[in-house]
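Just so you know, the sequences run in chain order L and C.
Per the numbering used here, the very first residue in the first sequence carries number 1; after that it's consecutive.
Per the numbering used here, the very first residue in the second sequence carries number 1001; after that it's consecutive.
Note that these hints are calculated values from the structure, not bench results.
Errors might be hidden in some of the hints.
Cross-link-like lysine-lysine pairs, in silico, DSBU-like; alpha carbons within 35 Å at most [claimed, not checked]: (1) C:K1014 x C:K1342; (2) C:K1023 x C:K1335; (3) C:K1129 x L:K176; (4) L:K304 x C:K1129; (5) C:K1197 x C:K1014; (6) C:K1335 x L:K30; (7) C:K1350 x C:K1014; (8) C:K1010 x C:K1129; (9) C:K1342 x C:K1010; (10) L:K30 x C:K1014; (11) L:K30 x L:K304; (12) C:K1350 x C:K1010; (13) C:K1342 x L:K30; (14) C:K1010 x C:K1023; (15) L:K225 x L:K30; (16) C:K1335 x L:K304; (17) C:K1197 x C:K1335; (18) C:K1014 x C:K1129.
Listed next, with one range per pair, are the computed distances between beta-carbon atoms [said to hold, decoys possible]: (19) L:D131 x C:S1254: 38 to 44 Å; (20) L:V291 x C:G1172: 47 to 53 Å; (21) L:G201 x C:K1014: 54 to 60 Å; (22) L:G101 x C:I1292: 27 to 33 Å.
Idealized CB from N, CA, C, for every residue including glycine.
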Amino acid sequence: MGFFLETIIAGLMNGVLYSLVALGFVLIFKASGVFNFAQGAMVLFAALAMARFAEWLPEWLGFESLLLANVLAFAIAAFLMLIFAWAVERFVLRHLVNQEGVVLLMATLGITFFIDGFGQTIFGSDIYAIDLGLPAEPIFILEGLFPGGLLINQDDLVTALMAMAMVALLTLFFQKTGTGRALRAVADDHQAAQSVGIPLGRMWVIVWFMAGLTALVAGMIWGEKMGVQFALTFVALKALPVIILGGLTSVPGAIVAGLIIGVSEQLAEVYIGPMVGGGIQIWFAYVLAMVVLLFRPQGLFGEKIIDRV
Amino acid sequence: MFYRENGQFKTTYKSDQQIFAVKQDRIAIIALIAFAFIGVPLLADEYLFRAILVPFLILALAAIGVNILVGYCGQISLGSGAFMAVGAYMAYNVFMRVEDMPLIVALLSGGFFAMLAGIIFGIPSLRVKGLYLAVATLAAQFFFDWLFVRVRWFTLDSPAGTAEVSNLSVFGWQIATPMDKYLFVLGFVVVFALLAKNLVRGPIGREWMAIRDMDVAASVIGIRPMYAKLTAFAVSSFIIGVAGALWAFVHLGSWEPLSFDINRSFQLLFIVIIGGLGSIMGCFFGAAFIVITPIVLNQLLPWIGSLFGVEISTSMVGHAEFMIFGALIVWFLIKEPHGLAKYWSMARHKLRLWPFPH
Chain L
1 MGFFLETIIA
11 GLMNGVLYSL
21 VALGFVLIFK
31 ASGVFNFAQG
41 AMVLFAALAM
51 ARFAEWLPEW
61 LGFESLLLAN
71 VLAFAIAAFL
81 MLIFAWAVER
91 FVLRHLVNQE
101 GVVLLMATLG
111 ITFFIDGFGQ
121 TIFGSDIYAI
131 DLGLPAEPIF
141 ILEGLFPGGL
151 LINQDDLVTA
161 LMAMAMVALL
171 TLFFQKTGTG
181 RALRAVADDH
191 QAAQSVGIPL
201 GRMWVIVWFM
211 AGLTALVAGM
221 IWGEKMGVQF
231 ALTFVALKAL
241 PVIILGGLTS
251 VPGAIVAGLI
261 IGVSEQLAEV
271 YIGPMVGGGI
281 QIWFAYVLAM
291 VVLLFRPQGL
301 FGEKIIDRV
Chain C
1001 MFYRENGQFK
1011 TTYKSDQQIF
1021 AVKQDRIAII
1031 ALIAFAFIGV
1041 PLLADEYLFR
1051 AILVPFLILA
1061 LAAIGVNILV
1071 GYCGQISLGS
1081 GAFMAVGAYM
1091 AYNVFMRVED
1101 MPLIVALLSG
1111 GFFAMLAGII
1121 FGIPSLRVKG
1131 LYLAVATLAA
1141 QFFFDWLFVR
1151 VRWFTLDSPA
1161 GTAEVSNLSV
1171 FGWQIATPMD
1181 KYLFVLGFVV
1191 VFALLAKNLV
1201 RGPIGREWMA
1211 IRDMDVAASV
1221 IGIRPMYAKL
1231 TAFAVSSFII
1241 GVAGALWAFV
1251 HLGSWEPLSF
1261 DINRSFQLLF
1271 IVIIGGLGSI
1281 MGCFFGAAFI
1291 VITPIVLNQL
1301 LPWIGSLFGV
1311 EISTSMVGHA
1321 EFMIFGALIV
1331 WFLIKEPHGL
1341 AKYWSMARHK
1351 LRLWPFPH
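Take these sequences, add in the hints, and give me the full structure.
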């Protein structure tokens, strides 16, 4: 029983991280109607920027504090993502307004290739470490209920809390600020939002910047776990079943679906995996999402797809 | 002045319904096929066969399959790499496990099993549409990636999912040299391109296009969506499976599941979009673009570097290739979302008026 709970907790923590990456997808899809395959590459780019600057800044400016280096590197990486968002809107989105979904998807794939090459050209292609100074020893909780207690990694816990804080901040931003309201208007109906006077281009820059920020936080967390390397782009592939399970247009859907996928993936790997040879995490999430789609074609929380003839 | 139809009267339904209705078109396509079968083997060298022509032909064949599904029937599918893998591994099993199996039968049976896989993973398309379907087909991709590594039966119990064939021969003709391989693949491609073109011109093709344009309206006028969508998946997966078997047997010789991973699916989708959705001719253009661009970039970048006296390392060339490829794709999509086939049809249109401007 204790092991079962540990698996679930590990799944929940993984799930929070998947939700974070999935949020980037959902934000962009809601506001600009683009399915951004480049999210994975954005995660890698942002993480690379933060890792390298955290390394370079202490050398260039000559200080020792790890916290200051990390904070400054985060700020610089965020600024770079803002420039990236502006460039994408200026050079790609503006020219592809009103194209079919497939064409936009392919354009984001092109952006993926570009960012992959660009990031590795500027920042290098080795494996870099991000050191956030998180405590590395695991802790044991609930020692009274279960013999030995449940094993929880402290850094997993802290990163899950960070991700939840980020999600809460985003939700506040969308609900309480003027820009958030404008973004929701753009997500509802581009033309109507434009006719009310909302500058569409600037909104797209903002939403891609926010997706870039979530990519940065996700990249920072994943990078700390597995090192900043090219394999980080595959994290985005893990987030895709989260989006389709939760619905492409729903922020709470991304969060709930992330938790569901995280938990079910862990449970499947631990309990079903040994029966079929192991290694089933990657496709189990997709098959689960696909089966749910058969019953709810728009995902759990997505907008119902209405076909008009 | 050369490309005019005046004087060409059609007196039978059969002549009116032919693929190439204009006589100049017929002459051109026969000349092209003759050049492909006779001229190219005389002129090309081994590198050209091995590295450019054979991959180009096989990828064009796979792209025809993907185009039928994505371009003609409108179902976005990201699982094409998996269907290639099914075709390759099942053809391998049929070829190795059955005594004296003819090569062509083995390849076609690979396509048959890929067709079954396509129908099964195409069932979600009856409920799920658009981008949701694209991600659902990724389930097929990752599932088959896993299956061919973990289930030893498919690879005749080899350790890492690798498979290998050698000694291919058809009716006593040994397919050994790159030129033999080229001619063998060319035969398949010509036959399948003709079959595909006739399919999409016929009633089933019109059903697919109706489903693509507006599937609710299509079902209202009496087209059965299940039949149309599943036949699209079936035909498309069959062609992709045969292409996968050809890729494995003829181009690679020995392969592993990684040859058919998600990058292959993306590559096929690129070919179809850049070539032109809903166009058989476009598949060839797109495949040529995707095969030639990396090679050109690979040769061009160090040369440009040497012009400026800058020594570019191979890893830098690799990254720059990625960047330029991505930028080219985006630029291309902005310039012409309908793909290279649109340029081709514009060129033909201009040719009809030549030498007059309008």
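Checked hints:
no. : hint                         : verdict
1   : C:K1014 x C:K1342            : 28 Å, holds
2   : C:K1023 x C:K1335            : 32 Å, holds
3   : C:K1129 x L:K176             : 34 Å, holds
4   : L:K304 x C:K1129             : 12 Å, holds
5   : C:K1197 x C:K1014            : 16 Å, holds
6   : C:K1335 x L:K30              : 26 Å, holds
7   : C:K1350 x C:K1014            : 28 Å, holds
8   : C:K1010 x C:K1129            : 42 Å, violated
9   : C:K1342 x C:K1010            : 27 Å, holds
10  : L:K30 x C:K1014              : 52 Å, violated
11  : L:K30 x L:K304               : 14 Å, holds
12  : C:K1350 x C:K1010            : 24 Å, holds
13  : C:K1342 x L:K30              : 31 Å, holds
14  : C:K1010 x C:K1023            : 11 Å, holds
15  : L:K225 x L:K30               : 30 Å, holds
16  : C:K1335 x L:K304             : 34 Å, holds
17  : C:K1197 x C:K1335            : 27 Å, holds
18  : C:K1014 x C:K1129            : 38 Å, violated
19  : L:D131 x C:S1254: 38 to 44 Å : 43 Å, holds
20  : L:V291 x C:G1172: 47 to 53 Å : 50 Å, holds
21  : L:G201 x C:K1014: 54 to 60 Å : 56 Å, holds
22  : L:G101 x C:I1292: 27 to 33 Å : 28 Å, holds
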